[in-house]
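J.: 5 is the number of the first residue of the sequence shown in this note's numbering; add one for each residue after it.
Treat each hint with caution, since some may be false.
Said to hold, decoys possible - Lysine-lysine pairs mimicking DSS-like chemistry, simulated, CA-CA at most 25 Å apart: (1) 430 - 419; (2) 223 - 521; (3) 461 - 475; (4) 42 - 16; (5) 191 - 246; (6) 54 - 256; (7) 429 - 54; (8) 112 - 429; (9) 430 - 29; (10) 54 - 95; (11) 429 - 388; (12) 256 - 243; (13) 297 - 350; (14) 328 - 457; (15) 29 - 419; (16) 24 - 223; (17) 297 - 54; (18) 429 - 457; (19) 16 - 54; (20) 54 - 191; (21) 419 - 429.
What the hints assert, rightly or not - Quick list of the computed label-pair ranges, beta carbon to beta carbon: (22) 398 - 42: 38 to 48 Å; (23) 545 - 447: 40 to 50 Å; (24) 561 - 450: 27 to 37 Å.
If you are wondering where the hints come from, they were derived from the structure by calculation, not from laboratory data. Glycine is no exception: its CB is placed at the ideal position from the N, C-alpha and C atoms.
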Amino acid sequence: MTEILSDIDIAKANTMHPIKTIGEKIGLTEDQLEFYGKYKAKLSALELEKLQNQPDGKLILVTAITPTPAGEGKTTTSVGLADGLNRLNEKVVLALREPSLGPVFGVKGGAAGGGYAQVVPMEDINLHFTGDFHAIGVAHNLLSAMLDNHIHHGNELGIDSRRITWKRVVDMNDRQLRYIVDGLNGKINGVPREDGFDITVASEIMAILCLANSLADLKQKLSQIIVGYTYDGRPVTAKDLKAADAMAVLLKDAINPNLVQTLEHTPALVHGGPFANIAHGCNSILATKLALKYADYTVTEAGFGADLGAEKFLDIKCRLGGLKPDAVVLVATIRALKMHGGVNKKELGTENVEAVLNGLPNLEKHLDNLQNVYGLPVVVAINKFPTDTEAELAAVQSACEARGVEVSLSEVWEKGGQGGVDLAKKVMALADQSSELSYAYDLTDSIETKIEKVVTKVYGGQGIKLTPKVKREIRELEALGFGDLPICMAKTQYSFSDDASLLGAPSGFDVSIQQVKVSAGAGFIVILTGAVMTMPGLPKVPAAERITISDDGQIDGLF
């Protein structure tokens, strides 16, 4: 019986190429790289300006069906697809998000792909990497400190402490910090008020970094951040607090994309990491645009299911960044389809074609969205597990063929790029088709109409429920001139609805809107639904309990 190695053991056994060699594959000289050791480097954001006249390659978006605890393998598929294209001698760059320490030590235990389809050095990427998240957290908390310092020293701007919207952040799942009271124990320690923490990947600064086209654009976006409101209802910005330039100084290196490699030495730009059920869930525009200039094919992914990650990739990132995918890969697993079909996680190893058929409406709803709402060509990638049977695979194949959609069996976890060659060939053919990107809503729609269109067209719901408080928030934002911004829906990733227990493709449901707030710097309006939280908590048995380090510095337990 063949030994099944852990992800970290596979990564350790791999011989990485010096990052200088990886850069040379896409035409980068040593002078264009800022080295972080032997196997990591940063590219200057200024490189994009030098390449403006260079044509773009093809953009491939990888997304997935609604996630389940059974796993879908979207990042693994993205890496394997890029390696598959590389094996076909295509010039390809992978563009991914950086993992957050919260999930790494919480549920996931790592987020750099899996099996023989990983980006490396996986320990570094999953931990502090090049310090980008630290810089984002410090820049965020500098603004927090300057805000409270302004109030402490006389509050010249007349900030209403009851209407402060800017929290503090830390890159860790810590439910204890969601709601706190600070500024206690006397006047010298500040002004007492209710406060709280978000996780760093939910910070507006993370979203801004990932949507900025240059350092100048970053500074402009930072200056527009709204931290709260005055007693007479006027927004207070980072510019008003004279904080934007100091924040940009802290982010001067973080804005530069990170170059690493896959196990098969395909160049990978891993940069930025906004959450997909809180923020827009995509890697940076800078990294994506640079990849398009360097390669004939850029493979990127969007977080969670297509109703969250892909919707925001298309309605926010593509719209604000002037991007358009040439093809979309929709990742599914037989295991996940069975769960959507009503099977308990413990029983997923038993053949159950009926459950696969019952779960197919989830896949088909995502296909309908990508094809008919957004107008994009799609291929389904089945991320194969050893327990999948021929009958179960045939059921998915038949359903997709009935829709005119091709299916590829992805075996990249087990075989690396070789297991992604068939998918790569089908993606290349798909990307040669002409298509026109449509959006789920128009920017000129009212905020309420935008929400309704996403819920009814993308989620398949019946409508929305707005409290009097939310209606007031919408009126205020539209009166302040923010009505033409795109919306960023924050909801559970486990269902098309705002109820995580409604699996498959539910219908007839309403989505309850809990809060509407503006991220003026990032350039979108956040719509919080259901019970979504901006500071997750650790599970009962966090991955941190399994992560260890030996006396000679060898890390184990990341996966």
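J.: None of the hints should be skipped; say for each whether it holds.
T.: Against the structure, the hints come out as follows:
For the proposed pair residue 430 and residue 419, the alpha carbon gap of about 18 Å is at most 25 Å, so the pair holds. This hinted pair checks out: residue 223 and residue 521 have alpha carbons roughly 21 Å apart, not beyond 25 Å. The straight-line distance between the Cα atoms of residue 461 and residue 475 is roughly 22 Å, inside the 25 Å bound, and the hint therefore holds. With a CA separation close to 15 Å, the supplied pair residue 42 and residue 16 stays within the 25 Å bound.
Distance restraint check for residue 191 and residue 246: the Cα-Cα separation of roughly 24 Å lies within the 25 Å cut-off, and the hinted pair is therefore satisfied. A C-alpha spacing of about 19 Å is found between residue 54 and residue 256, which places the hinted pair at or below 25 Å, so the restraint holds. With a C-alpha separation of about 32 Å, the suggested pair residue 429 and residue 54 falls outside the 25 Å cut-off, and the hint is violated. Our distance criterion of 25 Å between C-alpha atoms is broken by residue 112 and residue 429, whose separation comes to about 31 Å.
Among the hinted pairs, residue 430 with residue 29 is consistent with the structure: their alpha-carbon atoms are about 24 Å apart, no more than 25 Å. Distance check on the hinted pair: residue 54 and residue 95 sit about 20 Å apart at the alpha-carbon level, within 25 Å; holds. Proximity of residue 429 to residue 388 is assessed by CA-CA distance (about 18 Å); at most 25 Å being required, the pair is judged to hold. A hinted pair counts as satisfied when its Cα atoms are at most 25 Å apart, and residue 256 with residue 243 qualifies at roughly 18 Å.
Pair hint residue 297 plus residue 350 does not hold up; C-alpha atoms about 46 Å apart against a cutoff of 25 Å. A C-alpha spacing of about 21 Å is found between residue 328 and residue 457, which places the hinted pair at or below 25 Å, so the restraint holds. At most 25 Å may separate the alpha-carbon atoms for a hinted pair to count; residue 29 and residue 419 meet this at roughly 23 Å. Distance hint between residue 24 and residue 223 is unfulfilled; the C-alpha atoms sit about 30 Å from each other, more than 25 Å.
Pair hint residue 297 plus residue 54 holds up; C-alpha atoms about 10 Å apart against a cutoff of 25 Å. Between residue 429 and residue 457 the alpha-carbon distance is near 35 Å, which puts this suggested pair outside the 25 Å criterion. Distance check on the hinted pair: residue 16 and residue 54 sit about 37 Å apart at the alpha-carbon level, beyond 25 Å; violated. Proposed proximity of residue 54 and residue 191 is contradicted: the alpha carbons are some 53 Å apart, above 25 Å.
Restraint check for residue 419 and residue 429: the C-alpha separation of about 16 Å stays at or below 25 Å, so the hint holds. Distance hint check: the CB atoms of residue 398 and residue 42 are about 47 Å apart, consistent with the given range 38 to 48 Å. Between residue 545 and residue 447, the C-beta spacing of about 45 Å keeps the proposed range 40 to 50 Å intact. Taking the beta carbon of each, residue 561 and residue 450 are about 49 Å apart, not inside 27 to 37 Å as hinted.
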